[in-house]
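Enquirer: Here's the letter readout for the chains.
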Amino acid sequence: MKKAVKITAFLVICFLWLSGVYEVLRWKDTQGDYISSVTELKNTPDDTVDVVFVGSSHVYAGIYPSYLWSDWGISAFNVSISGMDRDSAYYYMKHMFKTQSPKVAVVDMFALSFDTHLMAGNVYRNYISLPLSKDTLPQLKAYAAKDGSVSANIYDYVARWPIIHTRYRELTRYDFELDAPNYFARGEYPNWECQPTWLYRPGEVSPKIFESDQEKWLDDLVSLCEENDCKLVFMSLPFRSYEDEQNYIDHAAIYAEEHDIPMFDFNRMTDELEIDAQTDFFDETHVNALGAKKLSRFMAQWLDDNYDMPDHRGDPAYEVWDKDLKYYEHRRDGDAMAASKDMYEFLPMMLRLNDTVAVIYLSGEYESEKYAVLTEYGLSEEDIANGGIWILKDQVIYSVESSYMEELDKYSTLKIENGTVMINRSNYAANDKGLAITVYDRFLNRILAYKQF
Amino acid sequence: MYFNSLQFLVFFPAVLLLYFILPGKLRKVWLLAASYYFYMCWEPEYVVLILFSTIATYAVGLLMEKYPNHKKKFLVSVLIMNLAILFFFKYFDFALANFNHLLGVLHIKAVSKPFDLLLPVGISFYTFQSLGYAIDVYRGGIKAERNFLDYALFVSFFPQLVAGPIERSGNLLKQVKESGDKRLWTYDGIVSGLGLMLWGFFMKMCIADRVSIFIDTVYANVHAVGTFETLAAMFGFAFQIYADFAGYSAIAIGAARMMGFTLMENFNCPHFAESIAEFWRRWHISLSGWFKDYLYIPLGGNRKGRIRKYINLMITFVVSGLWHGASWNYVFWGGLHGVYQVVGDILRPVREKILDLLKVDRDAFSFHLGRKIGTTTLVAFALIFFRARSMRLSFSFIKRMFTRFNPWVIFDESMFKWGLDRKEMGILLFGLLLLLAVSLVREIKKVDIGVYLLKQNLWFRWVVYIFLITAVLVWGEYGVDFDSAQFIYFNF
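So the protein sequences, as listed, match chains A and B.
My numbering numbers the first residue of the first sequence as 1 and each following residue consecutively.
My numbering numbers the first residue of the second sequence as 1001 and each following residue consecutively.
One chain only, chain A, in its complex shape (with noise of 0.2 Å):
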């Protein structure tokens, strides 16, 4: 009985330890950011979603909840990861049902262009990060017979650790703690890049016969939509397509039309939405946060007008999306100062964010007049003058005199000394020509510019 119990307790501490081991190790990326749909559906609350957006890149990059959330209170979710293939769609979806319950479903059609992935590592992330299930072997058995050039094998896959026990070799703080919230937030990918690109203008609709998994898959799609009470609608979002992949979402049009499905050719309808290719997109495939909000805008109004989607704003339940909205705001704000070149700009931003520390140093040889603004946040114009160091916290601002530490979060520690300006191991002490200014975000947990004027 003893040794019953010495074993029993052996295993069990063996399973726990090995859990944890493997929480660490577990592929958590999106873009190599560490974080995944599935891992913030585990960190949604059941069943408070409203809608979700299913695909690839196309959709993390292209629709974000956070703009549905501001101003029409619709809890979205991008049930999405990149190079999301149709088999991942699929099975994402239904785990999603597990502790959801959408009324609309929008699918991205880009998935019927393409059978298998090129990068195997994109092929372990769509199938390794969703948890294990009685979905997992089938999942696994539909996508491994199209694809022999993954070598991993089906054991590899269930099993995990064959495939994530090298990610040793690149741990970071991401994989022990994971941060809630996080730009990913329900599923977005917030990007103020642009690079102008250019447009495939779809002519005449011009159907690609499908193959019987392409239509079959779209057959899954409705089943398991009617099974789960929910509405399904097919788009596709914008990006520079070629003929092959525009024939086969005209094909998805026509089987949307046949099946009575709602379809938003996104490609077809740039004009209507003013997408323009020079300014809304950050790659030739994805649009930026310009593109996004068009394009979000669009949905949610087209859903708020024909779902009667409710408004949860102010739900506690609904907390997440909260923090979301704050933290696109964050960051929304904190590039843009981050792009900012003028002093005259940048102050006034400085002073509207919240939850920010910014260190205000003055040094060298400089001409007073030239930084007068700053009497109108606090300095003296013989502050101005001497220079010094100075700390802007809640709208207060206060002189450093001679050393000075303090806790920013629980990641960061500032420390002035000796005319250093230390933010854990680096140094944002000003240049010797005058004004320099760090700002550090405690709502982020990080910088979110330094500058010198």
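Source of the hints: derived by calculation from the structure; they are not laboratory data.
Note that the structure is a prediction, hence the values are computed from the model and not measured.
Be careful, since some hints might not be right.
Pair ranges (Cβ atoms, derived) [what the hints assert, rightly or not]:
id, chain 1, residue 1, chain 2, residue 2, range
1, B, Ala1220, A, Leu273, 49 to 59 Å
2, B, Asn1221, A, Val158, 35 to 45 Å
3, B, Lys1066, A, Val12, 50 to 60 Å
4, B, Asn1221, A, Lys415, 41 to 51 Å
Glycine included, C-beta positions come from ideal geometry on N, C-alpha and C.
Using the hints, position chain B against chain A.
Expert: Quick look at chain B alone, frame taken from chain A:
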């Protein structure tokens, strides 16, 4: 089915569980079925060979006992039959290539192309084990086994089937017979066997397979290496093959121990040996013992004068080299070990005189350390021929070692460009230090790591077990993008 495969991870617990549950007689049937399944996971058709070897030696054992006047004929016939199979599958292409080469020198057309046969896994091991049994019966050391099931299990017992230890009938067969009548396993055996297995997995997957990445890269680029890379690869391979083979043996012995079987020790800290002779008493003990008992001593051993002793030594080591592989490299490697011993014996008086002249304290730690380092260096040097796969590459390797002096590679980090970066080297170094610590435990306490851990407090044992499991799962070289190196000794 390799020990370091997902299959084995399922196979072994399943075998173990049923073995514990089944009643006496069925236990043996179950183990025999499991052993044959294990073997057939490689090349199912080669099961015929092991079956033939089993039936032949079993029958000859009985015949020798029944017809004692003809036992020599029976023994010779079974030796010829088994060695002929071994020769055909392992040495035929090698012999043919050499014969063709000879014909070429004489400007005669080659007689045939090589057969390119796939070497049956473990054939050298089970052939020697069953022949050992036949010779023992011939000598009267043991009685012929009458129960075919017991004998078949003795030959095919899966933990040691494909890479040893090469068991003696006096040890394993006796236990096989007992296993039907009583439960051999104990709780302590299971616990210490598990510890030994975990350590074996660590040696194989975290040390041997990791260092092999460095070794393979260096040997694939001999044209670009200098003294320090070759030295690192030379010593590295000595540790690779040790961690690989001793790791396999530890898993085999541990697995058997969990089922209540005691297999013979196969390695006893060979890197602590202070002479080549001692090295062979510590390295692959089951094979060294086999050659000693069934070849060296029958040849006359050291009983027929110094010259005959040297000839016998050379024959034994050349044959041992050939046993390891059908290539002149292995023959040279074996021969070099023979030469080490012969020259060492001849020069012993001179060596003693020099030590006296220099007033070297033979009891000092430094003296023993020097001998250990010297022996390890000689062993590692000979292993160049073992690893290089061709004589030409071996000599190129040695030439680079002595002609491309490049000490800067130690300081400019170029050593991290041979397949193992700084992090991987760190893990390897940690593994080697652990190996040294475990070897010291074995050397001082005279017990293996499984038994040693069993005597420790529970918390310490559990911490070590969980550490080893985690290390193997995380640091082990397996899975995607890793072409898991075969256990080196499978090819022999």
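Enquirer: A separate judgement is required for each hint: does it hold in the structure or not?
Expert: Status of the hints after comparison with the structure:
The supplied range of 49 to 59 Å is met by Ala1220 (chain B) and Leu273 (chain A), whose beta-carbon atoms lie about 57 Å from each other. Evaluation of the 35 to 45 Å hint for Asn1221 (chain B) and Val158 (chain A) yields a pass: the beta carbon distance comes to about 37 Å. Restraint check, Lys1066 (chain B) to Val12 (chain A): a C-beta distance of roughly 58 Å satisfies the suggested window 50 to 60 Å. Take Asn1221 (chain B) and Lys415 (chain A): their Cβ atoms lie about 49 Å apart, and the range 41 to 51 Å holds.
Against the hints set out earlier in the document, no violation occurs for any number.
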